[in-house]
Each structure stands twice: as C-alpha cells, then as structure tokens.
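Trainee: Respectively, the protein sequence lines represent chains A and B. Numbering follows my numbering, in which position 55 of the first sequence is assigned residue number 55; successive positions increment by one, without gaps. Numbering follows my numbering, in which position 236 of the second sequence is assigned residue number 480; successive positions increment by one, without gaps.
By construction, these hints were calculated from the structure, which means they are not laboratory data. Hints are supplied without guarantee of correctness; some may be wrong.
Here are some chain B residues pointing at chain A (derived, C-beta under 10 angstroms) [as the list claims (entries may be wrong)]:
{"#": "1", "residue": "ILE308"}
{"#": "2", "residue": "ILE400"}
{"#": "3", "residue": "ILE402"}
{"#": "4", "residue": "PHE410"}
{"#": "5", "residue": "ARG416"}
We put the CB at the ideal spot given by N, CA and C, even for glycine.
2 protein chains.
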Amino acid sequence: MSRRRQIYEGKAKILYEGPEPGTLIQYFKDDATAFNAQKKGTINGKGVINNRISEYIFTRLAHIGIPTHFIRRLNMREQLVRQVEIIPLEVVVRNVAAGSISKRLGIEEGEMLPHTLIEYYLKDDALGDPLVSEEHIAAFNWASHEEMQDIAAMAIRINDFLSGMFAAVDIRLIDFKLEFGRIYDGDFSRVILADEFSPDNCRLWDFNTNEKMDKDRFRRDLGGEEEAYQEVARRLGVLSGEDN
Amino acid sequence: MSRRRQIYEGKAKILYEGPEPGTLIQYFKDDATAFNAQKKGTINGKGVINNRISEYIFTRLAHIGIPTHFIRRLNMREQLVRQVEIIPLEVVVRNVAAGSISKRLGIEEGEMLPHTLIEYYLKDDALGDPLVSEEHIAAFNWASHEEMQDIAAMAIRINDFLSGMFAAVDIRLIDFKLEFGRIYDGDFSRVILADEFSPDNCRLWDFNTNEKMDKDRFRRDLGGEEEAYQEVARRLGVLSGEDN
Ligand SMILES: Nc1ncnc2c1ncn2[C@@H]1O[C@H](COP(=O)(O)OP(=O)(O)O)[C@@H](O)[C@H]1O
Ligand SMILES: Nc1ncnc2c1ncn2[C@@H]1O[C@H](COP(=O)(O)OP(=O)(O)O)[C@@H](O)[C@H]1O
Ligand SMILES: [Mg+2]
Ligand SMILES: [Mg+2]
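Generate coordinates for the entire structure from the input sequences, incorporating the hints supplied.
Mentor: Written out as structure tokens, the structure reads:
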C-alpha cells in the first residue's frame, strides 16, 4: 500500500507503479463483471485464487519458451510484472463453441469446432470489444504483420500446452482470452504475454460432468463460483502451500 | 490368445491380426531392452502400465485433433489399433539435453535446449537406428515432403500438449520418441500417430527432485523401475479403475 502510485484500475485488477522502472504491480480484486460491466458483483477470494493460478500458468508457460510479463508473486493478491505497451486486442482461442460464438454463428454450445479458432476483438469497452479481422488490425495498425504472426503462434502453443495441463486434472479447456504487449529494447520490440490467465478469462468444463468451473457460473447466475474457482486451484495443486 | 495370427514380435510388444481387416492387436510385454537390445531384462507389470498410459495419452491426443491408430483397449495388456504402413523413422522430440544428444554434441545432461528439437532416426535395428537428416529422408523416399511437414507439425503439437499434461502432475517431459504410419483411403493416404507413448520411449523427470521416472532407470541400473512406471501412472490418474 503506502505511497505507491496507482496507474490504472480495471474491472478485475489494479495496476501500481512497480519498485523498478519498467515494472508494475498487478493487484487482483474480488470484483467480477460480465457483459461489458453491465453486471457487477464480487466473488469472495477470487483475487487470491486468480493471482495464484495466473502465477502457476505463466511460470509453466515460461518453461516451454513462451515469454511473459510475470516476474514473481509478491503476496496473496499481488504480483510483480514487466510493464508492457498493451496491444489493444483480446486474443480469443476456441476449441469448443460456447458463449458469443455460439450466439453469433448459431453453433450449439458444447459443439467441437472443426478446428481450433483464433479470434481477435478490439479491446475497447466503450465499443463493447467488437470482433475484428486481421484486415482491420493491419489497416488501423494495432499490430504489425510480424507481431500478429508471433501472437498466433504463441496462442496455438499456449492452447496445446494448457489443454494438456487441464486435461491432466480432468478439465476441458473450452476457450480463453489472452492479452499481449510490447517490450522495447533500444530500437527493437518484441511481443510477450501479459495480463492474466484465470477462470475469469476462460471456460473450463469438468471432463466427466461438463460442469462449468469458470466465470460463466457468475455470468449465468449458476451459483457456486467461489467453490468452482477453488476447485480449479485445488486440482492444479495451487493453494496447497503454507503461505496462501 | 486362441488361433489368432501373430504378425510381428518386437522388443516390447507383439502384434496380432485384429478382428477386422485393417486392425491389429498390440500386446504389451514386460520385456525391456536397451542399447539396441544389447541389454535385456524385464520390468514387472510394465506391459500393463504402458498399455494404460498409452491408451490415456492417445485418447487425449485424439481430443485435440491428433489422429492416432488407437481404437480401444481390449484388456490388461492388449489394445486394438488401426494397422498402418509404418514410416521407418523414429521421430524424437527434445526439450532438454539427455541421452544420445548429450553424448553426441557434448551438451550436459539436463541443459535446456535453445529451443525444442526434432530429430529423425532411421528405424533399423541392424544399423543401430542411425540419425538421418531431412535430406536423407527425401533422397531415399522414406517419407514425402508433405508427410514430413505433417509429422513435424504433429510432433510439435504433441510436445506442447504432453508437456502441459505432465507439468500438471509435476513431471518434466525431457524428450520422447514417436512413430507414425500411413493409412490409405483409395488413392489417398494420410499420416497418423502409431506405436505407443509410455515411459519406455520418453524421459520424465520429477519437477522438484529431477528423479528419473522412465526407462533410464533400467538403462542405467538405477533400480526402482517398477515403482517409477507405477508412479507415472498414478499421477496421471491411470490405474485407479476397477478393471486394472
Ligand atoms: N504487463 C502489463 N503492462 C501494462 N498493462 C498491463 C499489463 N498486463 C495487463 N495490463 C493491462 O492492465 C489491465 C488489467 O486490469 P483489468 O482489471 O483486467 O482491466 P480491464 O478492465 O481493462 O480488462 C488491463 O487493461 C490490461 O490490458
Ligand atoms: N498401427 C500399427 N500398424 C503396424 N505396425 C505398427 C503399428 N503400431 C506400431 N507398429 C510397429 O509394431 C512394432 C511394435 O513392437 P515393438 O516391440 O515396439 O517393436 P520394435 O522392437 O521393432 O520397436 C514396432 O515395430 C512398430 O513400428
Ligand atoms: Mg481485463
Ligand atoms: Mg518399439
């Protein structure tokens, strides 16, 4: 707390200035929103769990060579990250139809997609995060062609890795949202994974029962969201340590 | 058993004619060999465990769209598979230096490779499975250029998926060997994953202790190979069912 400077407060997290230049502190709140913040609420303990799950996943992604902003977890709700220039795209990877794609294209929820899809949405709450194509991204220069190639390649690798990770604990990874950002090194820049990976930004269904273990419990008033988030953490073996 | 025809007996498995044309039964033995069969032995119960682990992994790979020969497990030691025309290559994927690459290139065992490597070895016991390059493969027509592209793409996806799967149970996937084969559909053929995936054909190290949980225990006379194979199965949640 003390006198550190708040840089941004979003729907689920707060960003503070970090201890060194080029770093930020990401603070995970319990606040939950849905439908572009028309629906608001709280999921008790969510921030603590998401901080841990995101740490776990970003650390393991780094092991397979995916560069991420994650430096280290600081405490229950905070992690130290590298400051990036956020690329204003929500990168959505879908294995199974659910949520907006089911509605938009009339595909029944739960139907396996012909193959894994990557979608890009402009990150702009005022516009309701509209779907954009690579044409739009190039035309408006939100990211370069090279950056998009890196992003797509990383998204596919992340999907395969995390599909395996969740499969091992009997969870199907239906879809998820990623954010990427640029870091600069002199005249050069490269793209790294930023933001978070948690049940807030993905769909996780129990392999055997198809029960939802993600923010859809909140979006759709299914109840049991605290337990669902905890169960994901428990299966991943997170939240077992002493210093939760 | 009864009067079905044995088609091939290899070092770790026996192939029998299957119940329908185009199928085979793969029987998993407890026999273990190393160093091109110069060293021979038995790992008690290995066949039962490998049958299960391979079933588990091939089933989950199919879920993410990797075509495999696996049809279904028949009993403790046997599985029904599609008969393929084996491509005579051992496809080795390496994340961390170990075994032959450490010796051949003088890289310390355990050193992370600059990036994931795919190597191809000619499957020929008499020649000691020599390393070959894509030049050799093209020149001698062991596989077409297109087939090699499919094989490389599948190998990379399999690596990412299984790295995640094992990471979730605190195991590092160091390296592994795959075999692919052709199935024909009229004039067309396509490549699918064949053979098996088990601790016989990969290196698995405990994330925390670096303890070896694979055939290196046998190769290097470390002891405890039965327990190691069982521990892999246990962590994956295989071998918990009633009908082991
Ligand atoms: N490493 C980073 N550097 C700078 N900004 C980041 C980084 N990681 C995430 N962000 C941004 O911080 C915000 C995280 O807070 P969040 O509550 O998710 O915000 P929002 O409501 O905008 O989604 C997001 O806007 C995200 O784009
Ligand atoms: N679906 C399949 N169709 C035909 N042959 C297969 C199939 N899957 C694996 N094989 C082959 O069956 C044999 C499996 O037995 P194994 O004991 O591993 O033999 P080896 O000692 O030759 O490695 C291997 O030679 C492998 O190439
Ligand atoms: Mg956000
Ligand atoms: Mg073999």
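Trainee: Compare the structure with each hint and give your call.
Mentor: Structure-based check of each hint:
Hint status for B:ILE308: holds, given a least beta-carbon distance of 6 angstroms to chain A, under 10 angstroms. Hint on B:ILE400 holds. Least Cβ distance to chain A is approximately 8 angstroms, under the 10 angstroms limit. Hint on B:ILE402 holds. Least Cβ distance to chain A is approximately 8 angstroms, under the 10 angstroms limit. This hint holds: B:PHE410 has a C-beta 7 angstroms from the nearest C-beta of chain A, less than the 10 angstroms allowed.
Proximity of B:ARG416 to chain A holds as hinted, the smallest CB-CB distance being about 8 angstroms (cut-off 10 angstroms).
Checked against the numbered hints listed earlier, the structure breaks none of them; every hint is satisfied.
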